[in-house]
Amino acid sequence: MFSTDQQSEIDAARAGWAQTRRTVVPAAEDALYTPLPVLETGFVRLIDYMGGDEGIVQGARVSYGKGTRSTSDDRGLIRYLMRNRHTSPFELAVAKFHVRAPIFVTRQWFRHRTASINEYSARYSVLEKEFYFPRPEDIARQSSSNKQGRGDSLPADAAEQVLALLREDATRCYDHYLEMLNQDEAGNVVDPTRPVVARELARMTLPVNVMTQFYWQINLWNLLHFLRLRADAHAQYEIRAYADAILTLVERWVPQTFEAFRDYMQEAALLSGPALRALRAVLAGDGTVDLQAAGLSKREAAELIALLPEIGSRAR
Numbered sequence: 003m004f005s006t007d008q009q010s011e012i013d014a015a016r017a018g019w020a021q022t023r024r025t026v027v028p029a030a031e032d033a034l035y036t037p038l039p040v041l042e043t044g045f046v047r048l049i050d051y052m053g054g055d056e057g058i059v060q061g062a063r064v065s066y067g068k069g070t071r072s073t074s075d076d077r078g079l080i081r082y083l084m085r086n087r088h089t090s091p092f093e094l095a096v097a098k099f100h101v102r103a104p105i106f107v108t109r110q111w112f113r114h115r116t117a118s119i120n121e122y123s124a125r126y127s128v129l130e131k132e133f134y135f136p137r138p139e140d141i142a143r144q145s146s147s148n149k150q151g152r153g154d155s156l157p158a159d160a161a162e163q164v165l166a167l168l169r170e171d172a173t174r175c176y177d178h179y180l181e182m183l184n185q186d187e188a189g190n191v192v193d194p195t196r197p198v199v200a201r202e203l204a205r206m207t208l209p210v211n212v213m214t215q216f217y218w219q220i221n222l223w224n225l226l227h228f229l230r231l232r233a234d235a236h237a238q239y240e241i242r243a244y245a246d247a248i249l250t251l252v253e254r255w256v257p258q259t260f261e262a263f264r265d266y267m268q269e270a271a272l273l274s275g276p277a278l279r280a281l282r283a284v285l286a287g288d289g290t291v292d293l294q295a296a297g298l299s300k301r302e303a304a305e306l307i308a309l310l311p312e313i314g315s316r317a318r
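Residue 14 in the numbering used here sits at position 12 of the sequence shown, and the numbers go up by one each step.
Rather than coming from a laboratory, the hints here were simulated on the basis of the structure.
Backbone N, C-alpha and C define an ideal beta-carbon position, used for all residues, glycine too.
Hints are not guaranteed to be accurate.
What the hints assert, rightly or not - Pair by pair, the computed Cβ-Cβ distance ranges are: (1) His178 to Met267: 40 to 50 Å; (2) Asn148 to Trp19: 46 to 56 Å; (3) His114 to Gly61: 16 to 26 Å; (4) Asn148 to Leu94: 33 to 43 Å.
Could you build the full structure based on these sequences and the hints that come with them?
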């Protein structure tokens, strides 16, 4: 995953200690700099953080000292804040990550415009010959019900054929990339008499499964919003793998907030007014309830029954 020099730099950063008056989280300190592998050739690692559960509580209780407050009191307050979407105390905590991911994943990632980002520049530097290739079991047909999703996995022979095409295209494109740059994989000039195409132009030949890197700094509330959407079964598998890795770091950094996030956001469901009225009618035993007549679209009705299959026999 890393060169010898890069690994030495990481080891040195983890070995170094600095005295601080800031409140630190021991579990987050232990996780600092260590890369979590994602998609075989990618990773995510926590580079820095500010605040934690204690800081969130402090921000919510700006007029109080710690006093005799108990851990259970802190947990209850954090759960109250999460349950009622009082977001500003969570915005006081900030984390910075270093991520290595395929370009097509970063294009989804950067749609979350609530973070500070600095990405590896292919105008300034040459991209490495590193690509993401899905596992055979992750290669699937186009979904018939979701225009941006996958359906069933392809048969093994068809999946291998797709992988062969992806590898062939990636190799050919990277060879053309180096040809335009007039250099080999070690960075040596191939032909001194031949002109070098500008990097900002040569990069156009590369496919979106080439790996890139970026630093990502974001406050905790916006991070939780990102995770609610991307660590979800409806998200594309590749970005979901990164979100799942970040979730493990969030749990170590802010365990009480993580618990509240899981209970009130990740595993919770939002019901519309029509859905709530229809559900009340079902629970009241008012015969068979027509969900569409109650104001739900066909898709909303299907989603409600999928969420609560127990009402399926009482609703249509």
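To see whether the hints hold, each was checked on the structure:
1. His178 to Met267: 40 to 50 Å: holds (45 Å)
2. Asn148 to Trp19: 46 to 56 Å: Holds - the Cβ-Cβ distance for asparagine 148 and tryptophan 19, about 49 Å, lies within 46 to 56 Å.
3. His114 to Gly61: 16 to 26 Å: Check passed, 23 Å falls within 16 to 26 Å.
4. Asn148 to Leu94: 33 to 43 Å: holds (37 Å)
Consistency note: the structure conflicts with none of the earlier hints.
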